[in-house]
Every structure is written in structure tokens, then in C-alpha cells.
Amino acid sequence: MAEPILQVRNLTKHFGGLAAVDNVSLEIRPAGLHAVIGPNGAGKSTLINLLSGELSASSGQIIFRGQEIGLLAPEQRSRRGIARSFQKTNIFPSFTALENCRLAAQSRQPRPLAWMRDALSYESMMFTAKQVLAAVELSGRAGDLALALSHGEQRQLEIAMCLATEPELLLLDEPLAGMGTEESLRMVELIKKLSASHAILLVEHDMDAVFQLAQVLTVMVDGRLLASGTPEQIRADREVQAAYLGEPENRP
Amino acid sequence: MLHVTLPRWFLLSLVLLLALMPLGATTFYLQLGAKILIMAIFALSLDLLVGHTGLISFGHAAYFGVAAYTLALITPKYEAANFWLTLPVAVAAAGIAALVIGFLVVRTTGVYFIMVTLAFAQMLYAVFHDTKLGGGSDGIYINVRPELTVAGFKPLDLENPAQFFYLTLIVLVVVYWFLSRILHAPFGRALAGLRVNEQRMRSIGFPVFFYKLGAFTLAGAVAGLAGYLAACQFGFVNPEILAWHQSGMVLMMVILGGMGRLHGAVIGAAAYVLLQELFSSSALFGGYAKHWQLPMGSLIVIIVLALPHGIGGMIDLAWRRRGFRQEEVAQNADG
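Protein chains in written order, with the working numbering: chain A, 1 to 252; chain B, 1001 to 1335.
Since the hints were derived computationally from the structure, they do not count as laboratory data.
Keep in mind the model is a prediction, meaning the values are calculated, not measured.
One or more of the hints may lead you astray.
Here are a few chain B residues that face chain A, going by a calculated C-beta distance under 8 angstroms [as the list claims (entries may be wrong)]:
id, residue
1, I1182
2, N1197
3, R1200
Estimated spans, in silico, between C-beta atoms of each pair [stated by the list, open to error]:
id, chain 1, residue 1, chain 2, residue 2, range
4, A, I63, B, E1240, 53 to 63 angstroms
5, B, G1110, A, F127, 36 to 46 angstroms
6, A, H205, B, T1109, 25 to 35 angstroms
7, B, T1109, A, P30, 34 to 44 angstroms
8, A, I63, B, P1308, 44 to 54 angstroms
Every residue, glycine too, gets a C-beta built ideally from N, C-alpha and C.
Take the sequences, apply the hints, and build the full model.
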């Protein structure tokens, strides 16, 4: 098996007396989808925030491509190759869809301080921006303001922006939340396609999607890691069933 | 990002019209005109922070004042200083002050940013007010204006009101052009991104601190340019030039004209200076003229309430109704 791209060792985050993430260790392989599931308040989003640098850990290590990144700021982690989507759609609403992606691509330009040249005249940025819009099937809406897109399209756009930064690891925080059936199907297809070439850590409540997409599943409860394994192993795990899957409304 | 870019022919004819002003105007109006143009440069520099980057600086007079004092301090007592030497030195002094202060203040956000920019400006005020450095609270005179020579030839005499007016007009045009280029360049696009969604900028990998510091320093240097010209015009510098009133005034100009549009800053500066001139005219208001701040303040409140995007926003709207540059509006529209 290939060397893991991300290793999390004994990661802990305290908020006051509460351990939102409690001694969590996991490994993510260079391609494929690793899903983290668990009831509300299990610490899944906190975990993503710790990995992306939005929060800093109380203790533990985050090793990305062999290097400790636990002390790096979000922008530095982005530059190392980690991109993320947010639970609440996080884009530039007043910019066009294309500009959202172009700006993301701009962050990878080698000469950020070429002050006088028109930003739209950089062909490489425009090429990347159009390419990632095409990858999420939003080419037709390139010229529309992001705020005019539907909720589902905005989430696709956010993923396109992630792709424009040419990441190796994608952290997706509930990409299906609030989506209609059709939008969900499209997003699941997109994530499946991306997981062939990227390492993806997915936090999601939609169990159908999770079991369809994930090669590895990790279950968190109360900030702790309850179980980790293939979807089959997790489905068969009694402890997991009792803690989480057993609740009828969540049953796949 | 820019809301509506006024068409080039419009801006050029406006500049041409202004360039014709010295043919007919009296010295009084030329000096008033130069004052407006200088304040427009000052307001443009602040709008780069407030309107384009989303950093509400309440201490922007500091950099204006630092450049003004620099000119006053390096000008010899009885002879003219060299324009080509003193201008870069004064602008650099303002830029360095903004770099140093910016290094500390751009880490803060929101109301804290407003407070610390104000605090640093007041510290500089205290330095000039309470030490002998620049003549204390009495200020310091610039007896002779700098001399602008090119190869032994004097194209513009700064002592001549018409020619000084031309100098300020040229500087304003250059600053306007320079800022509009920058705002369209990757750097400016990143500043727009910062204004709209700073968290997203971080998570797509922008070193936010350096972009903010760059904007803060640039804005400080351009404010310095305005401060230098103001010191030239009035021949006198005192601590009030970097007091919080001055910072508040330029912020008012930016808001009055409509934040985030270059022409807004120019319009706001013109509107403010002209309104002040109007309400403080004793020919019109007699004894009430000395209370000009009262009608001025009331009118500003009314304008801000009636026109949330300032006077510039109203003009943009008229422009859009005419369908002008619709595609540009669509690309850059804001909230």
C-alpha cells in the first residue's frame, strides 16, 4: 500500500473543559475517499478545521507528505496542497463564478506583485479557471455572479475553487448539506470522479452517499474515534450500530 | 472591485475642462481648485484601504502629515528646496511610516483596526505637538516653495497659482491612472477578495498579511503625495494636519463620494471642500458662517441616508440606466 499522504497522530482539541476532538489518529492515502461520520457534535467539523489550520490543536501531530504542518497558518497549508470546502458555502458572492476560480488560481502565481498588468490578461490563470469550472460542469455560468447561482451550484463552485489551487488533499465538510436529490446526485458523481486523482477527507451525514463513495470509513463519537475500516467492516461493527447507525433515521 | 469604470472620453474631457480653468478663474478659485485636487488625491489613497480592501483606517492623516512635515523640515529657511529631491523623500517618509505602523495594525480587524490606526495617528500628533521637532503646536513655515526644474529650465513655477494648479492636476491624473491599473492587476483583485471574504482568501492560499500591509503602505505613500502638495500650497504645517479631525474629514469625503469607486473619492473630496466653502462663507451666511459645521454635518447625514452608495453611487446608477458598459458592471458588480 502507498505511503499515507496525511497522518494524524493523537490529535486533541479542547474548548475549555470540552474535548471536541479527543486523541484522534488516522491516516489518509494519496488517492481515494476517506469518510468521517458520526452524530452531530462528534467533532467532525472541528477535525477538518484542525487539519486546514482554521483552528490550532491543543496537542497531537498532523503530518502531511512527511512534514509536520500543525503550526502552519491556513494559507501555508493551502500552499502545501490542502484545499477545503466549508460547511456553510464560502465563496466570493459578489464576483462572477469565473473570477472566483481565477482568484483561486492566482494564489498559485509565481509573481504575485506584478502590480500593473491587467489580471485578466494572464492566460495561465484564465486557463485554470475555465478548466476547473468545466470540471464541475459550471462552464455555462462562468459570467454569472456567484450570488445568482443556486445553492447546489455554489457548492460546486466552491469545489472548483479548491481545484484551482491544485491540491493533493481535499477536505470536504458536508458538501451535500441542504441539497436537492438531483443536485446531490451530481455532487456525488463529482466527488467520485475527484477521488480517483485526489485524496479526499469527507465529512457527511448522507449515509447513502458515504457508503457509496468511501473506501475507508472512520466513525467519531464525542470527539473520540470509535471505529475505522472499510464500509463493510463498519456496517458490521456492533459498537457503531449501537452508537450511531442503529438510530433508525440514520439507517442507510 | 470597481463598480462602474467611467469611460475614458468622459474622464479625459473632465481633465481637459479643468486644464482650461486657469484661463478664466481668479487666484482664489485656482487655489480652491488646487485644494480640491489635493484632497482628491488624499481621498483616493484612503479609498484604496476603505473601499477596495475593506480596511477602515481612522488615522490616515498621519501619513499626509508626515510627508508635509518632512517637506517643512528639509526645506532650507531662505531658499527653495529641490522638488525632485524633496518629493520622493517626503513620499518615502510617509510610506515608511505606513509600513512600520501597518506592520503592527493590519493584524487587527474590524473595530480594533479602526481604534489602533487612530491611536497611532494620535501618537504621531503628540510627537509633533509636544516636542520641538516641528515647532511644537505653533507649527513650522515653508517660506519658499520647492523649485521644479528640468535641465535648468523651469516648466512649472510653484509660486504661481495657475501653474501650481496644473501640478496638482497632473499628480491627480497620474495617481488616478496608477490606482486604476493596480486595482485591475492581480494585486488589486486580491484586495477585492480580501474585502469580500478574508477567510476564503486565506484558505485558497493568499498570505493575507502581506497583501494588507502592501495596501496600507501604498495608501500611506499616496497620502504622503497629497500631504506634500498641501504643505507646498499653504506654506505652513502644524500638528492639526495629522490630527483625528483630518482623518475623519478624509473618511467623510470617501463616504460622501461612495466607497470603492475611484471617481467617488474625487467627487467626495470636491463636494466636501465646496460645501465647506459654501457654509463658511460670511457673504452668504453672515455671522452664522462660523457655525458652518452644523449645516455641513446635517447635510452630510442627509446625503448618507438618502444615498447609501454616496454621490458616486448615484452617478453609477444613472450610468447603468443608460446601459453603458453593462458587461463591465455585470463582471464587477458588488453586493
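Evaluation of the provided hints:
1. I1182: 5 angstroms, holds
2. N1197: 5 angstroms, holds
3. R1200: Where the cut-off is 8 angstroms and the nearest Cβ of chain A is about 5 angstroms from R1200/B, the hint holds.
4. I63/A with E1240/B: 53 to 63 angstroms: 58 angstroms Cβ-Cβ, so the 53 to 63 angstroms window holds.
5. G1110/B with F127/A: 36 to 46 angstroms: 37 angstroms, holds
6. H205/A with T1109/B: 25 to 35 angstroms: Holds: the Cβ-Cβ distance is about 32 angstroms, inside 25 to 35 angstroms.
7. T1109/B with P30/A: 34 to 44 angstroms: 37 angstroms, holds
8. I63/A with P1308/B: 44 to 54 angstroms: 50 angstroms, holds
Going through the hint list in order, the structure satisfies each hint without exception.
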